[in-house]
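Q: Spelled out, the chains give:
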Amino acid sequence: MINWTRLIGAALLGLAGLAAHASNNIDLSTAPERAAVQLTIYNSEDLTLVRERRVMSFTRGDNQLQFSWANTLIDPTSVEIRFPRQGSQVSLVDTTFSHQRKDVLVWNINSEIAGEVETEISYFTSGLTWSADYTLIANQAETAADLDGFIRVHNNSGERYEDAQVRVVVGQINLVEKIAALARVPVKQVPKLEERQVGRLRKEALRGSIMSMMSNVDANEAPAAPKEVIKEGLSEYFIYTVEGTETIPNGWSKRLRSFDANNVPLKLHYRLRPREYGKDLVRLYSLANDEPSGLGTTPLPNGKLMVFRRDSRDGLDVVARKSIKYVPVGDKLDVNLGPDPDVVLEQAVLAVKHEDLWLKLSRANTFKRVGDGTLVVDRNARIAGWNERLTVRHRIKNFTSKPIRVEMRFARGGDITVVSELAASQHDFRTMQVEADVAAGGVEDLLYEFIVRKGRNKKQERLEIVRGRVAPPVY
Amino acid sequence: MKRARWLSALGLIASIAVSDIALARIKLITLPARERVEIKLESPAGTLVEEERLVPLVRGSNQIDFSWANSQIDPGSLVFQIEAENGAAQVLSVSYPPNENALVWHVSASEAGPARVRISYLLAQLKQTFNYRATADRDERLLDFSQYVRLRNDAPETFGDSGIWLGRDQRIERPIEGQQTREVLVRRWPRIPVEKTYTADLARFGWDDTKKQTLKIAMHYVLRNDRQSGLGERALPYGKARIYQDDGRGGNAFLGEDWGQRTSTGDKMALYLGQSRDVVVKRTVLSNRRERIEGNLHNQHIVLRYRIENFKDEAVALKLREDLRSLASRFGVRAANGAVWELGPETSFPGRPDPELTDAGSVVMTAPLASAPDGGDAAVNFDLHIVFKNNW
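Residue numbers (this note's numbering), protein chains in the order written: chain Y, 1 to 475; chain R, 1 to 392.
Quick caveat, the hints were computed from the structure, so don't treat them as lab data.
Just so it is clear, CB atoms sit at the ideal spot from N, CA and C, and this is done for glycine as well.
Accuracy of the hints is not assured; some may be wrong.
Chain Y residues, not near chain R, derived (Cβ > 10 Å throughout) [what the hints assert, rightly or not]:
| # | residue |
| --- | --- |
| 1 | V79 |
| 2 | R82 |
| 3 | R85 |
| 4 | F97 |
| 5 | D103 |
| 6 | N108 |
| 7 | E120 |
| 8 | S122 |
| 9 | A141 |
| 10 | K267 |
| 11 | D428 |
| 12 | I465 |
Label-pair restraints from in silico Cβ distances [stated by the list, open to error]:
| # | chain 1 | residue 1 | chain 2 | residue 2 | range |
| --- | --- | --- | --- | --- | --- |
| 13 | R | D209 | Y | S312 | 52 to 60 Å |
| 14 | R | E100 | Y | N71 | 16 to 24 Å |
| 15 | Y | G442 | R | F331 | 39 to 47 Å |
| 16 | R | R242 | Y | T297 | 53 to 61 Å |
| 17 | R | P355 | Y | R462 | 27 to 35 Å |
Let the hints inform the model, and build the full structure from the sequences given.
A: Right, here's the structure in full:
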């Protein structure tokens, strides 16, 4: 059984001045009640900042506090104590780690107060994580959707957190060492850790400004309405704070609704983008994480997305299970639903021709164009440059009952001119983009000619697009 | 506080006065029965089960446990919708206990009374497969076509009178017992038109006899999934098709079986029947010559001869496909992006290449074959002259 971190006021009852406290086998101690606890969980790293407050009774002069964390995943380098209200009268003299006992430290504290002092103890632990997940339910026409976002907190820390305020941090932090690894550092080695290393760890993990947010820990009763998840932007991060407090036993997970947006405009379309989606034409739902769409209050963290579509009887059809990447406010969420068996793309090279053939004659640096009418007797002449003119057809068959829009990108290396009647555009120096509308139940043939310059005809790496008519070949 | 949980393999339990979900997995329970179950099998993402139950709620806080012992439910797929008959009810949170296939919904109700809950989830152990039975008439022009679905439930859960969705708009009502497979006739289409095709394609079907240079001749039944054929209501799913023919004596002869590919409405399904023995095609390379142009530039002329015998007592249109990349490779012609080719004057087929099936990589010709003459020589020759242009 893993115990809650134990805080023992070993010096409070006249035991002050016990220098060798850790070696004493006979101690008299008190265990003050925890007034509040706050968990700040980072999903980008296995890291949780725990901050707890307790009211303790000190004697004037030297006091010793023993803090132990057996069988938990606490990083011993991160444990800190503060006295937020009486900091000018109570000070931490030093911290000692016993070499005889595991997972224990003792704070030597000097107090000018004889009486109650509010203490705040913070530390990093691992084993507490959170994840985001979403449920998207498109309407039957696939023109709008309801999007629900959830956060789910997983507690595998070995500790039971009771009535804790839960905050989760959206964003990428930098850590130089994993908290779980530090939790395994023997306590006697903690003082040997380089001060710089520990300091940098703390600094990078919390970035100061987030630390300043950790205050006002409440222990309110849970309301009967769904708890609001309050989102606050801070530097490069977002902090989601769950209203009230939560009890999360060890081994359990808890899922809370983060937001819900109804009737979010949805665009259904098809794309061929081999670099992003592979070789197949795929179906996508696209929606915008912005205010006009009823979203846009926070970024959408990485997470799992379940996609459904309403059926004609108010039930659901399952469409896809996907993982989505972080979507900043104002950006688009493109959900790749995979290939649609009712929309088929057939690509065919209908014909190939060779043009503009050049022979290299036996004489140095002498070339002759094939078919130019001049007579040169040179049986050792060799082809040195040529163009390949490929007639390419993309046939899109739409077997669905809706008209569809298809966007396709083709990348091709070389010195290439593309001739097409279509409104093709250049995506980058080697990629062409074409859009086409295909009627319900219709077939659309898109014809292009690729003139590929080879050998000495190739002058540069480029793809240029020329508007022109392309006729299908006659065999 | 009231607590509920589904029991059985997929269970719901109601329990009361339990304040701590972490410690107290001891419950006082009610067992709300399923009011309705809909099972949707058509999505490649998985089988979706939707069930509705009436759950009694107390005013205030309620817990509803859902457990699925021995059933492979994807917990990430669960969608819970609740509608109270009196007042309002809403989900506050969901808790997942360790080492259990279970979860607990925390539900708040403004009034006591029943609430209708609809739970949707993906269940891995419930699958459908399709199969077909096709019986051709004596002339092989019409087909009696039947579609069957086989429902396989490997979960221990029994779904009573369930609505089973085989496709987006195709619903049947059947109970499915736990650990049971049930086959159901979905639809029968009598006398739909079918086309029997004969195809010679060395690259795809290979040689029948390499030494004699005879080709395998593949036979297919091709049916169209469209309204004109009496089909076309919805896509035909992938499945095994067993093919029979009316034997004229009141029985059927088994012709073979094939996997029917998923066929969208408007598309064609081709079922492979096997190899024809009554149409024999011998393919020889009649000539291979080089025509120099300039320097090392030349055209390569290849003439293929097909000697065809039709031993059937009816005329047949044979499709002949030549893979031009293979042919080019065989004779050392470059054809990386497709061959630069044209038909030469020695071609003796009566028509031009099939424009729908011909491209830079292949040419498809049609050879019309008359029925076998009584005792006469049934052989005809067709030549295909391919000119691979501008090679070096």
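Q: For R85/Y, which was marked as not at the interface, is the minimum beta-carbon distance to chain R over 10 Å?
A: R85/Y clear of chain R: closest Cβ-Cβ about 33 Å, beyond 10 Å.
Q: For D428/Y, is the shortest CB-to-CB distance to chain R above 10 Å, so the non-interface label stands?
A: The assertion about D428/Y holds, with a minimum of 22 Å to chain R.
Q: Report holds if the minimum CB distance from K267/Y to chain R is greater than 10 Å, and violated otherwise.
A: For K267/Y, whose nearest Cβ neighbour in chain R is about 21 Å away, the distance exceeds 10 Å, so it holds.
Q: Can you tell me whether the CB distance of R242/R to T297/Y sits inside 53 to 61 Å?
A: holds (58 Å)
Q: With 10 Å as the threshold, tell me whether A141/Y passes as away from chain R on beta-carbon distances.
A: holds (14 Å)
Q: So does G442/Y sit 39 to 47 Å from F331/R, Cβ to Cβ?
A: Distance hint for G442/Y, F331/R holds at roughly 41 Å.
Q: Looking at I465/Y again, its CB stays over 10 Å from all of chain R?
A: holds (19 Å)
Q: With 10 Å as the threshold, tell me whether D103/Y passes as away from chain R on beta-carbon distances.
A: Given that every Cβ of chain R is farther than 10 Å from that of D103/Y, nearest at about 24 Å, it holds.
Q: Regarding the assertion that V79/Y does not contact chain R, is the least Cβ-Cβ distance greater than 10 Å?
A: At about 26 Å from chain R, V79/Y clears the 10 Å cut-off, so the statement holds.
Q: Minimum Cβ separation between R82/Y and chain R greater than 10 Å?
A: holds (30 Å)
Q: Far enough from chain R: is every CB of that chain over 10 Å from the CB of E120/Y?
A: holds (26 Å)
Q: If I claimed the Cβ atoms of E100/R and N71/Y lie 16 to 24 Å apart, would that claim hold in this structure?
A: holds (23 Å)
When the structure is compared with the earlier hints, no violation turns up for any of them.
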